[in-house]
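Start from the sequences and build out the full structure, keeping to the hints where you can.
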Amino acid sequence: MASVDCLARAAIYARRPIVQVAALFLLFWVLLRSLTSFGVIVSPSDPANTETHAPSHLSANNLNHNQTSSFCGLTQQPQIEIAHTSGTTRPAPAFPPPENTNFRAPDTIDTFQHYTYRNHSNCQISSLDLHSAFSPLCPTRHDFLRAFSGGGRIGFDRPFIPLDCDMRWFTTDEICDILSRFEKIIVVGDSMMRHVVGALNVLLRKDLGYGAVTNWNFDDQELRDCFCNHQMDVKSCSVQGIFSTESVLQNDPDSFACWNPEPNKSSPVNLVIEMMLRFPLDPNEVSRFQDLLSAKKPKRPYAFVFGHGLWNDLDIQATVNWLDGILESASQKAPYLDRRHHQRPSSAVLWPKLFIPPNAAGIKKPDQWLVSQGDKALMVFEESVRFEAEKRGVETMGTWNMSIQATKYDGVHLDLKGNLVKAMGVVNWLNLIDVGSW
1 MASVDCLARA AIYARRPIVQ VAALFLLFWV LLRSLTSFGV IVSPSDPANT ETHAPSHLSA
61 NNLNHNQTSS FCGLTQQPQI EIAHTSGTTR PAPAFPPPEN TNFRAPDTID TFQHYTYRNH
121 SNCQISSLDL HSAFSPLCPT RHDFLRAFSG GGRIGFDRPF IPLDCDMRWF TTDEICDILS
181 RFEKIIVVGD SMMRHVVGAL NVLLRKDLGY GAVTNWNFDD QELRDCFCNH QMDVKSCSVQ
241 GIFSTESVLQ NDPDSFACWN PEPNKSSPVN LVIEMMLRFP LDPNEVSRFQ DLLSAKKPKR
301 PYAFVFGHGL WNDLDIQATV NWLDGILESA SQKAPYLDRR HHQRPSSAVL WPKLFIPPNA
361 AGIKKPDQWL VSQGDKALMV FEESVRFEAE KRGVETMGTW NMSIQATKYD GVHLDLKGNL
421 VKAMGVVNWL NLIDVGSW
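UniProt numbering numbers the first residue of the sequence shown as 1 and each following residue consecutively.
Some hints could be false.
[Unchecked claim] Here are the computed lysine to any residue pairs in the SDA-like style, where the Cα-Cα straight-line distance is at most 20 angstroms:
| # | residue 1 | residue 2 |
| --- | --- | --- |
| 1 | 417 | 299 |
| 2 | 333 | 286 |
| 3 | 408 | 206 |
| 4 | 408 | 191 |
| 5 | 365 | 313 |
| 6 | 364 | 316 |
| 7 | 333 | 365 |
| 8 | 408 | 241 |
| 9 | 206 | 190 |
| 10 | 417 | 434 |
| 11 | 299 | 241 |
| 12 | 376 | 316 |
| 13 | 408 | 434 |
| 14 | 365 | 295 |
Hints in this document: simulated from the structure, not taken from any laboratory.
Dropping the structure here:
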């Protein structure tokens, strides 16, 4: 009604020029107010209706939905920025940097920089390409195994990032100290475990070119064919992997980095693998495995690393039987490992045991195995074996997440870089074992 009254008064004085101008201005003002009230024109002075107050990647529809609905679903959030005194801004880091301590300093440098063949044009592997360090560091063995099993990569063949807490990337000197706390590290399993041992020997020999293989007996053709990454992705090279520290000390002692000080020069590290592929267990393999153990309790503890699955087509019961057979064989030869043979069965017994399930499947895996040994079967197997192993006092370091976005040259086996990550996981597990209770 107020708008109508104003128009009537304007008509009465319409014959006067100055009044006509005023009337036109008044009419324009009334129309503008009316259009604004109906939302046809948005007032620039009203911040509630100004889109420029929201990030450009948020639409008005999204904002209105968030204001009128109580549903808390997945929405695009504004980018958080940290202001600096220089006046510039940087995005907040997704992962905080590693702790600023001497212990973590090696995690931020290329620990391979002085390895043999590091600067070769066909062997450009940096430890920084394999693992991306952040904080906090996993405080316990349980935390580490959960972090490693649940970790992953941001992109194909990108650095591995554990879940929630980080692992160490140890130097060779540190690895020597860690492994020397054990009488023997005994690895049992198939070709995947042979590759883990090969990667450990690369670290112990400081040799990216030939550290995983018996290069001391290679001819010129083998030296060309089995160089660097081909140590593992060429079968004729892979089968010439190093099976024991003793063979290195006998054939190429100068290549080994772990030595006791003079005058009694000897190596405190003893890494060995026994190939035991499937269940039922081969009696000859069992006998060789038992020969690795002393009937008398040694001064330092043993550590056992197991790997099994594909040779029994991921049959969880076959794997359980395989594991039970090996554990029983060990306790028969070395009863001090089993609390059942102690006078006080309830007392704690140090028997470090780790199980490593198979890698994730790659795109080159043969089609005939995609059902029985495909990724669904592998994931189910990893979870099942973790449950069964725990009942037997065996810990599990899952590798499906770590390997799903890593190169597998045949769809099954990791290349040298992937196995170096897996080997460093074993070293982290060994480092977190309290050998004082031995």
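(request) Sort out whether residue 316 lies within 20 angstroms of residue 376, counting only the CA atoms. (result) Status holds; Cα separation ~14 angstroms.
(message) Does residue 206 sit within 20 angstroms of residue 408, going by the straight-line distance between their CA atoms?
(response) Roughly 24 angstroms separates the two Cα atoms, so the pair is violated.
(request) Take the C-alpha atoms of residue 206 and residue 190, compute the straight-line distance between them, and say whether it is at most 20 angstroms. (result) 24 angstroms, violated
(message) Check the hint pairing residue 299 with residue 241 against an upper bound of 20 angstroms on the C-alpha distance.
(response) Not satisfied, since the Cα-Cα distance of roughly 29 angstroms exceeds 20 angstroms.
(request) Would you check the hint for residue 365 and residue 313, treating anything up to 20 angstroms between C-alpha atoms as holding? (result) 14 angstroms, holds
(request) Measure nothing beyond the straight line between the CA atoms of residue 408 and residue 434; if it is 20 angstroms or shorter, mark the hint as holding. (result) 34 angstroms, violated
(request) Sort out whether residue 434 lies within 20 angstroms of residue 417, counting only the CA atoms. (result) 29 angstroms, violated
(message) Run the distance test for residue 364 versus residue 316: straight-line Cα separation, threshold 20 angstroms.
(response) Judged against 20 angstroms, a Cα distance of about 24 angstroms means the pair is violated.
(request) Please work out if residue 365 and residue 295 have their alpha carbons no farther apart than 20 angstroms. (result) 43 angstroms, violated
(message) Can you confirm whether the C-alpha distance between residue 333 and residue 286 stays at or below 20 angstroms?
(response) Roughly 11 angstroms between the alpha carbons, so the hint for residue 333 and residue 286 holds.
(request) Take a quick look at whether residue 333 and residue 365 sit within 20 angstroms of each other, Cα to Cα. (result) 39 angstroms, violated
(message) residue 417 and residue 299 were given as a pair; does the straight-line alpha-carbon distance stay at or below 20 angstroms?
(response) 35 angstroms, violated
In this structure, the earlier hints numbered 1, 3, 6, 7, 9, 10, 11, 13, 14 are contradicted, and the remaining ones agree with it.
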